[in-house]
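These are the residues of each chain, in order.
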Amino acid sequence: MLKNLCQKMFGRSLWVYHANSGGCNGCDIEVLNVLTPYYDVERFGIKLVGSPRHADVMLCQGPAMRSTAKALRAAYDAMPSPKLVFAIGGCACGGGIWHDSYPVLGPVEKVVPVNFYIPGCPPRPEAIIYGVAVAAGLVDKKVAPVEFKQLNLPIPRYHPSDLKGRGEMVVYEKAEKI
Amino acid sequence: MIAREKLDQLKAGAGSAILRAVLPSDRCVFVFVEPSALKKVCQYVFRDLDARYVTSIGADDRPFSGSFLVAHNFAFDRDHLLCSILTEIPADNPVVDSISEVVPPANWAERELRDLVGIKLNGHPYPKRLVLPDGWPEDSHPLRKDVPWNFVPPDYDDEREYEFGDPPEGCTVVPFGPFHPTLDEPAHFRLYVDGERVRGCEYRGFMAHRGIEKLAESVLTYNDIPIMAERICGICGCVHNVTYAQAVESAAALQAPPRAEYLRTILLELERLHSHLLWVGLACHIVGFDTLFMQCFRIREPVMWVAEKITGNRKTYGLCVIGGVRRDLTVELKAELQQVLDRLETEWKAVTGAVLKDRNIQQRTCGVGVADRKLVKEAGLVGPVARAAGVDIDCRRDHPYAAYDRVAFDVITAADGDVWSRVVVRAREVFESIKIIRQCLEKMERGPIQLTLKDELPAGRMGMSSVEAPRGECHHFVITGEDNRPRRWRVRAPTYQNLQGVPMMIKDQQLADMTITLGSIDPCFSCTDRLETIDLKSGATRVWSPEELLKLGRNKQTL
Amino acid sequence: MSIASKVKEALVGLKAGRVTLDYPAQPRPAPENFRGRPIFDAQKCIGCAGCANNCPAREILVFDVCQEIRILKYLGRRCTYCGRCADVCPEKAITMSREFETATNKIGDVQQRLDLFMSTCQRCGRCFKEPSPLEQLKLKGYRVDDLENERWIFRSRAYLESEPVVDDIKIELD
Amino acid sequence: MTHNMLWRIVGGLANVQAVLLVAPLCEGVLRKVTAFLQSRKGPPLCQPYIDLLKLLGKEDIESGESPSLQRFVSKLALAAALTVACLVPMGFAAPMNGAGDVILLIYLLTLCGICTLLGGLAAGSTYSLLGIGREMMTMIALEPLFAIALLVGAVHVGSFRLDAVLNGSVYAAQGIPWSGLILLVVMIMSFQAFVQRVPFDIAEAETELMEGPLSEYSGPKLALFKWAQMVRLVVHSGLFVALFVPWGSGLAFPLGWMLFWAKVLVLVLLVTVVAATHARYRIDQAIRYFAGLLAVAFGALALAAYGF
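Chains as they are written, first to last, in the working numbering: chain C, 1 to 178; chain S, 1 to 559; chain H, 1 to 174; chain X, 1 to 308.
These are calculated hints, taken from the structure and not from any lab test. All values reported here derive from a predicted model rather than from experimental measurement. You may find that some hints are simply not true.
No farther apart than 25 Å at their CA atoms in a straight line, the calculated lysine to any residue pairs in the SDA-like style are these [unchecked claim]:
hint : chain 1 : residue 1 : chain 2 : residue 2
1    : C       : 3         : X       : 62
2    : H       : 8         : S       : 366
3    : H       : 92        : C       : 77
4    : H       : 106       : C       : 3
5    : C       : 149       : H       : 42
6    : C       : 3         : X       : 56
7    : X       : 32        : C       : 136
8    : C       : 3         : X       : 17
9    : H       : 8         : S       : 454
10   : C       : 47        : H       : 42
11   : H       : 8         : S       : 350
12   : S       : 454       : S       : 345
13   : X       : 32        : C       : 70
14   : C       : 70        : S       : 140
15   : H       : 8         : X       : 273
Chain H regions said to be covered by chain S (calculated; three or more residues, Cβ under 8 Å) [said to hold, decoys possible]:
hint : segment
16   : 33–43
17   : 78–87
18   : 135–143
For glycine and all other residues, C-beta sits at the position ideal for the given N, C-alpha and C.
Isolated chain C (complex conformation) (with noise of 0.2 Å):
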């Protein structure tokens, strides 16, 4: 029975561990942020703690980089078993403009299992509050992906191999004309 409570209290009372693994500190500020007069979310029970040891949230900044993945790998190993991960910015969730570059592995799903995501660049606070919320389950997310289709008539294929370079052009040979 404790048990259960314990578990049911989870979401009232989150301790955020801030690791950023790289990218610029326009997250940090702005979860820096969440916790100032204007935001406050100590008001849903949320804490910056120091050591990985003793949070429940871990938010992910920046892209996963070659050179922190180790780091960011022990940080979530060293968190206690009921843990969340939070992806937070533009970065974070898909890699960033950098996403290819030579030292960045891609998005930090690459290396922690993420929970939640927050796109931005930076996200604005509330943004970060209503991913709070979305994580608590106060609100339910307002996001669906579109999917457009004008029309699915029989379309003959093509392959790639009839596509030619013709000066800077790439252009298909075989078009029959319609």
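Use these hints to put chains S, H and X onto chain C, whose structure you have.
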């Protein structure tokens, strides 16, 4: 023509070594010298003409001029002149003699061009790896033209650890690890602590090295790069954006319309406001004074809201494109900006009135992390850290750009160069920024905000520009190229120089002061992208062996 | 100790009173010209891929399934909300909405995918009128970006003349 | 005899229960008032209860030099703080006052400090070793202060019995109680350090040493340590009220009990205001500060010896 006189001075000093010189404008001069005479000319400029070292650039020009290019940039602050000394090195064996003995601040920039472009330096005091991740092999150099931007060499092994020097005798090693509550970005310090005293530190930085210069040369175009330049650092994004745009405009001899220049000045000062307020708050947080941290951030929020209304984003303003600005300032936004400035001024007067006489904070910051004038010259410190030591340098007045020559403001300096005087300098600079923005709002006249370009930018031109970021002088160097993208783009952020002074500042200090000293230079490691290790001559016994450190990192210990 | 300055500091806080905004309860809308999530309007879009070329994060992918169909996929993962695509779009098909509450547990939710009918267009790129010569169309003609692992396939003259820079993807169509 | 024993056990249990329940409430009040001073809304009052419950439910990672010692020390810390609670008169006579005297109380107080030391040693990471170094230094300078306060009371009353000492015995000297007043000033200035709040929370300075000695603890062990820290806040303020602010504790049951908790609340508010408006001291500044206070305290003890 100051540039002409300086060039004649240089000719008198360096004599026949100078091959040719390019004078695009009265503000900057490019001097080509022979590789053999590089060290002598740089020593003459740094020591005798008392220039301030800015940065060094290594460029792989083989597809265009068939040789490597090494440039050392200096700044003559009193004569409002930026001078760049360049040499061309044969492509087959790229070797140049290093200038780090005579010009100490050049230590890092040279090691970086050795890492990235593969130009060997003979005579460099500390030729350790600087930029690339630990496992990167020695012979592969990413910034060369024959390597694509996402190429990872096959023999890249993940297990190789950076080999640290061993600590001095009797010291334990405190790993000030990549993730630390006061460090915003990953930066790994190895502090050699004797009891409570820090004897020395070894710093393995560059965890935020994202290869932005390689991307700029290979994938992005002229008008994409300002968006990426803005994301070099989260706090001084607009500075990099404007510096890059001005560097390309000076290379291609373009002149942004006056209204765009006023808009750039306003948003640069707006960013200085929120950066200084943020720093005073963070400094109080590090010292343990959370109430003032909250008050500073509360006072700062309206500045972020008004920036969001003007530019569409709280922090990354997306301001500049080549030749102008993307968004204009409407009349009601101007009125709202003035209201925010008035409220900010009254509240900040109240806070500075309380803080500047607060002995409790003074106890934690007076006499801590002292950087005197000699260290400023030796390590090339810039910005509030130099001004706190009494050195009167400020790019807005020394190398005027945007609308700063049409605006009156004064440069704040303090005397004894410790953390407390940096607090005072930054707190007072907020009032200067408010004054500048008000003057710009009055003097701004109607007009276009973007230049209409007829054709593509000419290739092969060189341009450099210095902008006063909240942390110091931010310098960009650009060589324009074909296919709508620059051939080489070099970024030197202010923290790059300021962090060279930190090991000297924290020597023989308390461990508790380490964080506030490091915080006092307002480090922005993602800005720095490159960093240095201080060496400690130690032959003593090993207290912590690297294997133990690896074990520490491997099992469930926190790093 | 400096009690006077301590009292003054406490007063600064108390004078401001409690300023916390009750955010999830009361909504906090973004200002008018806020650069939120870009919305792609399929009616106006002519498939010129001008936005794909001018996106710094290179995350608008273009894949020509066949002669008639062009898939334009906006990933939204690494979007920096810079508004460049909305600036360069000749048909004003992309508008920067004021949406910022895009937190989700599955990153696929933020993507938008458009299948556009191109009939016999050879994708020559002339229909894209660039605002300034610096934004010319870099990649003309057919494009086969890698939709699965979300990567641009990029051929640039700045590089080696002949072979492509990135390992060419082999398309085994059914 | 059995009635007296029964009364002691029930009284002891009541005391322990009260302290255990009220301690997180005081912490909640402290965080709420700090937030109000920082002009923000602050957590709900029952937030510390939620934090403790959540920590109890979390997984317990066994890391560090000797996990068994860690488990034992976390329980010892809370136990030591609670036994002190049994000896302190909370509105009604101390249930176990016969069982111990002033010396026992001094040792129990030092035991609480030693528990954090042992905890840090058991963890063994570099940060906790540094945290212990600082904790030892503050303890050496700090514990004698409270001991001297109790001794002065004992000297005045002439006996080491707890119930005699713990009701304002410090002012029992003839004429103006000089030593008592000096001690009152000294204790107010060093009360922050006893409860380890901001100006003197050097040992577990969150921003510098990553939570100091506690940096290796997670889940239930951490919950016990945090609870022990909250209980110490209440117990120390209870001792301070018993020694220096005794008036009105003799009233009838409901009134005296309420008055005691009101006084403790006032003390907690004082601690909050001081904590909210001060920056943290460095370890050597703190030691110099305590050395001064210690000298003054010894002076007061000498005065008490001569009967003032």
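Now for the hints, and whether the structure bears them out:
no.: 1; hint: 3(C) x 62(X); result: holds (20 Å)
no.: 2; hint: 8(H) x 366(S); result: holds (21 Å)
no.: 3; hint: 92(H) x 77(C); result: violated (48 Å)
no.: 4; hint: 106(H) x 3(C); result: violated (29 Å)
no.: 5; hint: 149(C) x 42(H); result: holds (9 Å)
no.: 6; hint: 3(C) x 56(X); result: holds (8 Å)
no.: 7; hint: 32(X) x 136(C); result: holds (22 Å)
no.: 8; hint: 3(C) x 17(X); result: holds (22 Å)
no.: 9; hint: 8(H) x 454(S); result: violated (59 Å)
no.: 10; hint: 47(C) x 42(H); result: violated (44 Å)
no.: 11; hint: 8(H) x 350(S); result: holds (8 Å)
no.: 12; hint: 454(S) x 345(S); result: violated (44 Å)
no.: 13; hint: 32(X) x 70(C); result: violated (39 Å)
no.: 14; hint: 70(C) x 140(S); result: holds (23 Å)
no.: 15; hint: 8(H) x 273(X); result: holds (13 Å)
no.: 16; hint: 33–43; result: holds (count 3)
no.: 17; hint: 78–87; result: holds (count 6)
no.: 18; hint: 135–143; result: holds (count 3)
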